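Model the full structure from these sequences, guided by the hints.
Each residue of the sequence shown is one higher than the one before, starting from 4 at the first, in the numbering used here.
Hints are supplied without guarantee of correctness; some may be wrong.
Stated by the list, open to error - Straight-line Cα separation of at most 30 Å, BS3-like style, residue types lysine-lysine; simulated pairs:
(1) 367 to 958
(2) 892 to 972
(3) 295 to 943
(4) 972 to 273
(5) 746 to 649
(6) 330 to 226
(7) 273 to 226
Hints in this document: simulated from the structure, not taken from any laboratory. The structure displayed is predicted, hence computed values, not measured ones.
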Amino acid sequence: MNGNYKRLACSAGAIAIALLSVSQAQAQVKKAADQSEDARCLPEQPCPPDAAKVSDAAKVSDDVDAPSGGDVVITGTRLQRPNLTSNSPLAVVDAAEIRYQGAVQVENVLNRLPQVTPDSNENVSNGSDGTARVNLRNLGSNRNLILINGQRMLPVQANDLNFVPTALIKRVDIMTGGASAVYGSDAISGVINFVLRDDLDGVRTDIQYGFAQHQNDNAYARKIQTQAGYRLAQPMILDGQKLDVNVAFGTNFADGRGNVTAYFGYRDTKPILQADRDVSSCAADPAGFTAKGNTDLACGGSSNNPFGLFDPQTGPSADLGRFNNTKDGARTWVPYDASFRYNYAPLNYFQRNDTRYTAGAFAKYEVQPGIEAYGSFMFMDDHTNSQIAPSALFQGYTYTVNCNNPFLSAQQGQILCGNAFGTAASQDVYIGYRPVAGNARPRRDDLRHTDFRFSGGVRGEIIDGIRYDANALFSTVLYNETYENDIDPSRANRAIQVVNVNGTPTCKSVIDRSDAQCVPLDIFRYNGISDAAFNYIYAPTSTRGVDRETVLSGNIAADLGRYGVKSPFADSGVGFVLGFEHRYESLEFKADALAIQKGTTETSGRFSVNEVFAELQLPLIENRPFFKDLSFNAGYRGSDYSNLSKIISTYKTELSWAPTSDLRLRGSYNRAIRAPNVSELFSPQSNGNVNAQDPCANDPGVAPTASLVQCQRSGVTAAQYGRIAPCPSDQCTGRGGGNPLLKPEEADTYTVGVVFTPTFIRRLNLSVDYFDIKVKGYIGAIPVSQTISQCIATGNPFFCSLFKRDPRSGIIFGDQGYIISTTQNTGSLRTSGIDISGSYTQPLGSFGSVNIDFLGTRLRKLVTEPLPGLGSYDCVGYFGPTCGQPSPKWRHQARLTWSDAASVGTISLNWRYIGGTNLTNNSTIADFASDPSIINARIKAYSYFDLAGTVKVQKGIVLRAGVNNLLDKDPPLIQSGLLASFGNGNTYPGMYDAVGRSVFIGLTAEF
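So this is what it looks like as structure tokens:
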């Protein structure tokens, strides 16, 4: 830390010490009358409702001021003043909206908002880490900051929305305009603050049960499954049951000066198999090829099939293609064709099972006037499983078969070994053998997160108008993963090297004593593997991780208007905040010996940062003609990271002008410098499956789609061209992981908006906001599909250098072939658009009232520049391998709620709209270039309707029930190879309702 920064930090500490040293008599200056003044709202700006006391009418509102009761409101400023409104686009989801959706997973609520692109969620199985995340403005879940009651939730790289007890949420503040100067560098795209109920005086119980119900009547999906001879899903299905039970109890004490609130929660979610939905029960592959692309879909699958595929790499058949065991169980090889493919989809989870326990407590106590101690403890244990098809001896790993193997028939031996058949010679071969009979079991990834979070601090008012808050936060995330029922290729390789010993097939490794436990593996016929061999080759791997974060923070906020420091043209005084924060983060990742042997890398890393921040609020003109309010706000944050060579600075400026009570104009500029988090720096590098296709590969009798010249750019030799095996199941291999040499990324955010609250139309609120966010040098990985398409289409040496083809066969899957996709500083991201929000309530006299809430986003730009100077592409209106999930030009959510006059019951109808999008592959944009498709050229616009209602049974007891996706609409059926991030089951289940209609019933009792 340099001298200037030390002096700045010491100055902040000196101010805090001086102010905290004021005598107790001065601290008691605060009188009851002053407390009342602090809480009042100006006549022209009514107080917003407390979310805990709001009626059962659902609200998705905008521009909410600080409510009474001392709640922390995330409005882009730490200055909590009654007449302050947000100068950045702000949406608030209250508890009623969550109840109307019947949500037990809070990410499902956020994913419906048009500002949010779905991220990791309950419908992702293959590749899931078991967490739930949120992605604001489609800039990545690592660029928004998650808070609980105004403090960081967990280490940013380990954020998991499962940690939030949904039943205790009073509201969720979502600020989507950039707030790094105020809350920290991670808040580039915005801040999500979960305001939890921490002041209960009594007992509150909430229980909810729900399930999915779907009519499988998708004629197209059932047609292609019938053509393939696959099992059809049952016409009517009811599954995916969810039970959520929460109990909270609290009490006031010491004449109301203190409160303790504790809670306990249990959630259980049952799994849904892809076999039980038309859209997902088989892997959709392209069919009906024309010059303009495929015109149809067919049920495809994996070439790693149950009968056994063999691709000799040496010997007389090394260049003759792939062979397959026959389906009749004979020891005979025939040329491989598509009829052998395996439908891997049915056993995959479309919704993961999940069991979650939460517990915690909040406490606060006013020690004396001006000094309040507070603290909290939160705990979560979340256990989930992802499940996918049975493991296999996968192609890409080089197996060795001895030519005197007793399981080889003469026909197989001649093809593999030629004249060497029967001798001790051996040949190398790729094998795609997936056992599905006998003792075979689906692969299961057992994922467990155990989270602890402690916080404590002291706050209060030192003297009139000067407040302080000093606190500490400690959080730990324990991650345990066990990958079960996976075949160990090393054991399998030993088990297929078998010789006769006195007429008994025996592993060579048993003979030479290198592995006395080896059991012979008969893979040269269908269903030839013994139970003992299964037990030998199945080898679970275990990994574990620990993420820790410590935050020490303190700030002083002053309202200098109490001392006459104000503009001569304003009634309100100058306000400022000065603060200091220290944060320490660490990561440790460990693996067992087998996981390390299979390519997992252990890692650890840590860093710390010291920050000072300041904010100034300056009311310039108030209550003058054409100047009801003109205010200026500015903020600065300086950060000294232990792993960086210099201090980085973030800052903001904001201006708000209300010419009348009916209209307010607002604008802001934020400059953010985001340092890489500990995971981006130190996460282990490893290989994994990614959805992609190799244009240089081909099936027998079909030419590669890319020319020899194009393929040579990616490392293909002339001898390999035309003989490269396709990535099985359209899953190539990418090598991802962290990079300790990362540099910070820079972001600029501009927002301009107008808020309309006309006095001549009571109860109407309308806001329109323009946002523009650009991130330069963004930290991320180049998608494998983009690397492939760019190298083949343009020959760009940067992209082509990321290919690491298997030197023997040219494949880009397995243990020797992959595409580098590690974290690095790349080019730039930019998004811009317009948010429109409104609400209106119309009283109906004795018939009650009707409320309308609306929130929509018009996306103008979503531009990615992969590398500086190499061109850019705009994903607005597109989906597919390059752009990922759909980015429609328009999304909205609109809710119409009727409340009866006696406030006994409500009925609410919600309309969710997702605009149409086009497939990137078909675009003329060079960056999108890939195999075209006619059948999935466009996803049409989608509308979902949800119906819910509440009934007050008696005082303190409210019954609720609802149906989401009322019309049971199927999600779009998309070719599996066209899916990208968070695609699963031939669709994008985070964006579209994957499992059909969902029904829930719940009861809340509070006494």
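Here is how each hint holds up against the structure:
Between residue 367 and residue 958 the CA atoms are separated by roughly 28 Å; this keeps the pair inside 30 Å, and the hint holds. Distance hint between residue 892 and residue 972 is fulfilled; the C-alpha atoms sit about 21 Å from each other, no more than 30 Å. Between the alpha carbons of residue 295 and residue 943 the distance comes to roughly 20 Å, so the proposed pair stays at or under 30 Å and holds. For the proposed pair residue 972 and residue 273, the alpha carbon gap of about 21 Å is at most 30 Å, so the pair holds.
With a CA separation close to 11 Å, the supplied pair residue 746 and residue 649 stays within the 30 Å bound. The suggested pairing of residue 330 with residue 226 holds, with an alpha-carbon distance near 24 Å, which does not exceed 30 Å. Between residue 273 and residue 226 the CA atoms are separated by roughly 29 Å; this keeps the pair inside 30 Å, and the hint holds.
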